[in-house]
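S.K.: Residue-level listing of the chains:
Protein chains: 2
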Amino acid sequence: MRKLFIIFFAFFSCTVSFAQSEDSIMIRRIADEILLHSKAYDNLHDLTKNIGGRLSGSPGFYNAEQWGLKALQQSGADKAWLQECKIPHWVRGGKDEATANIASQKKNLDVIALGNSVGTGPKGISANVVEVRSFEELETKRDSIKGKIIFYNYKFNPTFVNVFQAYGDAVRYRGAGASQAAKYGGLAVIVRSMSESTDNNPHTGSLQYDTTLPKIPAVAIGLKDADLLDSVLRHKSVNVLLKTNGHFLPDTIGHNVIGELTGTEFPGEYITIGGHLDSWDPAEGAHDDGAGIVHTIEVLRAFKALGFKPKHTIRFVLFANEENGLRGGIKYAEEAKTKNEKHVFALESDAGGFSPRGYSFGGSAEQLEKLQSWIPLLIWYGVYQIAGGGGGADVSPLRANLKTPVAELAPDTQRYFDYHHTRNDVFENVNKRELELGAVNVAALIYLVDKYGL
Amino acid sequence: MRKLFIIFFAFFSCTVSFAQSEDSIMIRRIADEILLHSKAYDNLHDLTKNIGGRLSGSPGFYNAEQWGLKALQQSGADKAWLQECKIPHWVRGGKDEATANIASQKKNLDVIALGNSVGTGPKGISANVVEVRSFEELETKRDSIKGKIIFYNYKFNPTFVNVFQAYGDAVRYRGAGASQAAKYGGLAVIVRSMSESTDNNPHTGSLQYDTTLPKIPAVAIGLKDADLLDSVLRHKSVNVLLKTNGHFLPDTIGHNVIGELTGTEFPGEYITIGGHLDSWDPAEGAHDDGAGIVHTIEVLRAFKALGFKPKHTIRFVLFANEENGLRGGIKYAEEAKTKNEKHVFALESDAGGFSPRGYSFGGSAEQLEKLQSWIPLLIWYGVYQIAGGGGGADVSPLRANLKTPVAELAPDTQRYFDYHHTRNDVFENVNKRELELGAVNVAALIYLVDKYGL
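Chain order of the listed sequences is A and B. Sequential numbering of the first sequence, starting at 1, is according to the working numbering. Sequential numbering of the second sequence, starting at 1, is according to the working numbering.
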């Protein structure tokens, strides 16, 4: 296109008049500060390229703790510290391999062991594959599962416009597929990756074993190889040799990294903003959740740069161990409860560094309505919907234990599952401006909640 | 993130109740058809990879005409034809080069000649560079312009959330910079690329000469090299040798490619949907405007697949020559006027294959209000704002000549100027689902306008 420009105005017939209010001016100042001077993109480059993957217990995670502490200090936190918690320590233990034997031809399949999975042992597991498209089909085939590798080929439903709904629909096969197959004597499982991307990158992510059943190894498979396996299995049997090495080491020590801006009026009342510092190991954790980490640090930097002094104490939290345990989020809420802290609001960014569209919220209907009344102040920056029934994983223990209202930034979802838990969740797949607009919106909402409460 | 799913609902306090209406059901059917069976992504692959760049008058453009005609026929058009128009025929004529001489070191700068620019001649133009940051600064330096190469280093303003506003603000330097410099005896111009991307790819695009002034060559420069040039010029003089070969051949013949679904009630009243078939030459024109082309074809395919029979005749138009002449759009409107056709509405997709957010509209306040009343039907699919003061370039002559209300799909703008008119406007930078959601929304709006008029 060559033509000039378009100005968007939101013409809601019932728009509340916030025009030129003190709040709209302050939010414009926040946006200008971040869009002109943000360090979010540079911080993300540093975190992803100089530290990289940072699964709980890995050297990368400990490097990230120190990096995060320094970043919060340098961004102007009044205080910053490490909050100790026990974390699980799962290791991949080597390269994951799957070789299919199809009509005497060997074909390597692109797989990755699921997090928390046991390994196959060095000799691997070799067995014929039984494909099922659902747990219901597993039941109908229960007598033919024993001694086999079970291939769960349940697809994302493309008609869910919000791709997180497709994930919510399909992820039970990653979470529970192994134990369901073990119940009928399956030896291992191959799960179609949680994605509808056009590439073949397999997506890891955690599984949960039913501890009353044998633990069997599980891998995710790339979508192209899943479709290949499916097409071959329609006509002939396929033997697969799986080799994985995942195992747990003893629980170890990790830390939430916390920075604070002390409140001027209510220093003993807390507003939390955070993301999670750990990431899966195939790549750099750029969207998941490097984006949330640098959003959190950027809000602090911008508040300090603007000389903004919050009424409540604002906590900037880089949570430990979201991916395979949530121990950081649980610890944070436990300590808050023990100390009888009052937590006014907690906001997480853990849905990627994409263009913001809204928030999900967990709290009362009245609180939701109050948040929604601010949409006219936020819509210029991309936020037009705030929905109930949500909130971020790391802040969910605050909701459960202290009834804190919680929310999560909800950016555009279309590309998230192209990158989530794969080898291409890298810095290069994050757009600088989309990332910065996330920080703008998070800062704006924190400003409003601090000013007006919830 | 590992957690399950979030459901977004739009909670507008004044939401019109369209729930479960006939329209919401039909739009859901359209969305399901496209999200499940779209050919948009495959068509885009075919157009970009098998035809590629398709500047007016180039072999690629004529290949694209035949490709488009076949695609419209195969997608079920009742009629499809080529509408002849005269088109300009500018050719790049070879590789564009710029070599800076900085303290006796030679440094190649990443440049691309602007469209419509004259060339430097085979020996090139060698001169010292004068940097200006605005036309105002050009005026203050008017006495030192003669015999120099003028470097317009006007940056995109990052505080415009909608990046098209930054483009609208900066593009005058690309459009008019050459003639403004020629007025004071400048020999050539280097224009900072119309972008705020993080890479160094230069962005072409058309310039317009003031025919009362000498025509001097113009190139765009990548942002990193622009910043380098700026930093060096603060301390020392820089000589640049520019070599470009652009020139016009005589006007030639091109065609709008048109398909039609004949209306059941008002066959002589037209609704147009289109994009432009031509593209700049450095790459494949994937977002600009392959996306709009495959949106257009996809709407036809989906309507046929659903057995939808429009009341009005719907024209699916692949316009010729948007980029450096708009001759296709002008011809289309001229013929409509000559034949005294009644055009009810015209909609363009020419802002890339990104996640939809709204429409820009050109028409009356009452028409805008009617369109906005449909937002509750569209918001689930991403459209939440419809703004006045817009409409697509190719449909603007319909507005000017026939007072047709016009609109343009307005996807998220953050990434558009990373790709626009550069070597990386390629298929790989288009996300399948984002592209498909554009088609969903365009089809939904056409359905509503066909049913209710405007």
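Keep in mind that a hint or two might mislead.
A pair holds if it fits inside one copy or across any two, identical chains being indistinguishable in the list.
[Said to hold, decoys possible] Here are the simulated DMTMM-like pairs of lysine to aspartate or glutamate, each with C-alpha atoms no more than 25 Å apart in a straight line:
hint, residue 1, residue 2
1, K224, E428
2, K337, D230
3, K49, D227
4, K155, D42
5, K183, E335
6, K155, E428
7, K224, D32
8, K39, D227
9, K224, D42
Keep in mind the hints are simulated off the structure, nothing from the lab.
S.K.: The structure should be examined with respect to each hint, and the outcome stated for every one.
M.R.: Structure-based check of all given hints:
no.: 1; hint: K224 with E428; in the structure: both (23 Å within a copy, 17 Å between copies)
no.: 2; hint: K337 with D230; in the structure: neither (50 Å within a copy, 56 Å between copies)
no.: 3; hint: K49 with D227; in the structure: between (33 Å within a copy, 24 Å between copies)
no.: 4; hint: K155 with D42; in the structure: between (36 Å within a copy, 20 Å between copies)
no.: 5; hint: K183 with E335; in the structure: neither (39 Å within a copy, 71 Å between copies)
no.: 6; hint: K155 with E428; in the structure: between (27 Å within a copy, 23 Å between copies)
no.: 7; hint: K224 with D32; in the structure: between (44 Å within a copy, 23 Å between copies)
no.: 8; hint: K39 with D227; in the structure: between (42 Å within a copy, 19 Å between copies)
no.: 9; hint: K224 with D42; in the structure: between (34 Å within a copy, 16 Å between copies)
The structure is inconsistent with the numbered hints 2, 5, although it conforms to all the rest.
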